[in-house]
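Residues per chain are reported as follows:
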Amino acid sequence: MNQDENELISRCQKGDQEALKEIYDRYHDKVYRIAYGMVRHREESLDIVQEVFIKLFRSIGNFKGKSKFYTYLYRMAVNTAIDHSRKMYRVFSSSLDEEGAPQPSEMAEKGPDRILLHKELEEKVKAALDELPPDQRAAILFREVEGLSYREMAESMGCSIGTVMSRLHYGRKKIQESLRKYVKEEGRE
Amino acid sequence: MRRIPLVLPLGLILVLLFASTALSQMNVRLRVIQASNVGRAVDPSLRDLHGQLGSLFNFTSYRLLRENDLSLYPGLPASIQARPGRFIEVTLVRQYREDAEVRIRVIREGKDILATMVRLSPGRTVLIGGPRHAEWVIIFALSPARY
Amino acid sequence: MKDSCSSVSRLLEKYFDQEATDKERSLVEDHLAGCLSCQDTLEWMGDFRDSVKTPVKMAVQKEDFERAWQNIRREIQLQEKSSWWKSIQSWLDLPRFFRKKVWVPAVAVVAIFALLTTQVFFEEASEEASYGALPDVEYVDSSYNVMVYAIEKSKITVIWLFEGQEMEAPSS
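Residue numbers (this note's numbering), protein chains in the order written: chain G, 17 to 205; chain C, 833 to 979; chain X, 5 to 176.
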């Protein structure tokens, strides 16, 4: 933690809302990315961001500086997002039914080789991510979106590096299996 | 020692205030529910209310927006935001053993749309709902907290 | 090659995540030079990363975080209003007194005495209160039309607001 951030945290612990605003300006997008990655709902993600910073202001006195501040915040974000996703009942709809997505008959017309467009891959990945258990989903988000190291992920998720690697591995494996039938590589020229 | 005479009455006032509010305090559970006829999803956390909601209302979908446990002290309002610009404010007016009189205000865009005084007792739930907004309606569910 | 693939595949993720040791990296790179299958797997992992990252980053750009901050600030201020202890503390300017420790035992004795007497006082006062005759809803004041239902069997009271002629959701 740098000196400047130490000072901000100290001021925030004393109830300085301007310090909270500065922390918010630095970290709101990170918290939102985790929230959105977990719940995939814009309004709910904003609610989560708000809840995280309100909780942070109430509980920042408990932060003793033993871990990096952003891992402490990430942990709060992912726990809040998991709480939200447990409360919410979602109807999963196949992206094949969504407007604009190629329908099976259209794909057949392109020939026996199915070509997966980048946009379609995004839709499939989104659906596959939704099926993952929250801890595996969080691991994938921390690694692929936030670019955290295994150690930073372990701090953020409150587990060992071995557990982080396991969650990443099984999460990626499950998604790969979900996508297998939709993916066909273009022949190497 | 000279400071004790000044501090004693101040300390007494503080302690009396603290003691009086500590003895007269009520914990309530406030849930903010979004009801609509879009979809058939029912939030699992509303299982305890679902039967009653189903028999009372014609909605097909219920979503829990917020759930807060509030500690109410006499005369001190507790507020929560249901949606941007919409708040519910709850104030403990009077308490006798496990029964309480509670004043409720629902505020939208800075204006009171409802002010009411209700009695809360163990096992009783007060539902405040409406009016409709587009496809949905907000229902507040207030009940004494179970510990 | 197959045996080599299965032993390297475990390291491929670490390599892709830039967490491999120098020795592991060297092993993987030597293998990749001659294995199309593992090269494809690596490429898939890159595509997968982009597919996860891009929609999330695009969503961030669409949000109004300033409005979210206003909501946070408002919520904190609302919560602070009901923190009565802070109001009394600032009114009495207690921090100044807290620096002097000589009065602590005196206040402790007063506190115990006051708690004992206050409990007795409130028990007597509350016995006089009469709650039996209170209705479930004492009054309702609203700019909307209001219906009030009390369902004794399920101990529910419903207060429903509606506009004009529209008889809304309550079904019975």
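Simulated from the structure, these hints should not be mistaken for laboratory data. Please note: incorrect hints may appear among the correct ones.
Claimed, not checked - Example chain X residues on the side facing chain G (calculated, C-beta under 8 Å, incomplete):
(1) Asp26
(2) Glu28
(3) Arg29
(4) Ser30
(5) Asp51
(6) Phe69
What the hints assert, rightly or not - If you anchor each label on the Cβ, the simulated ranges turn out as follows:
(7) C:Leu842 - X:Glu70: 13 to 23 Å
(8) G:Gln33 - C:Asn859: 20 to 30 Å
(9) X:Asn149 - G:Gln33: 36 to 46 Å
(10) G:Pro149 - X:Phe117: 54 to 64 Å
(11) C:His882 - X:Asp51: 35 to 45 Å
(12) C:Thr892 - G:Glu23: 20 to 30 Å
(13) X:Asn149 - C:Ser887: 36 to 46 Å
(14) X:Phe69 - G:Ser26: 17 to 27 Å
(15) G:Gln192 - X:Met62: 48 to 58 Å
(16) G:Ile177 - X:Leu46: 39 to 49 Å
(17) C:Glu930 - X:Phe69: 41 to 51 Å
Glycine included, each C-beta is placed from N, C-alpha and C at the ideal position.
ask   = Looking back at the numbered hints, which does the structure fail to meet, lowest number first?
value = 1, 2, 3, 4, 7, 12, 13, 15 and 16
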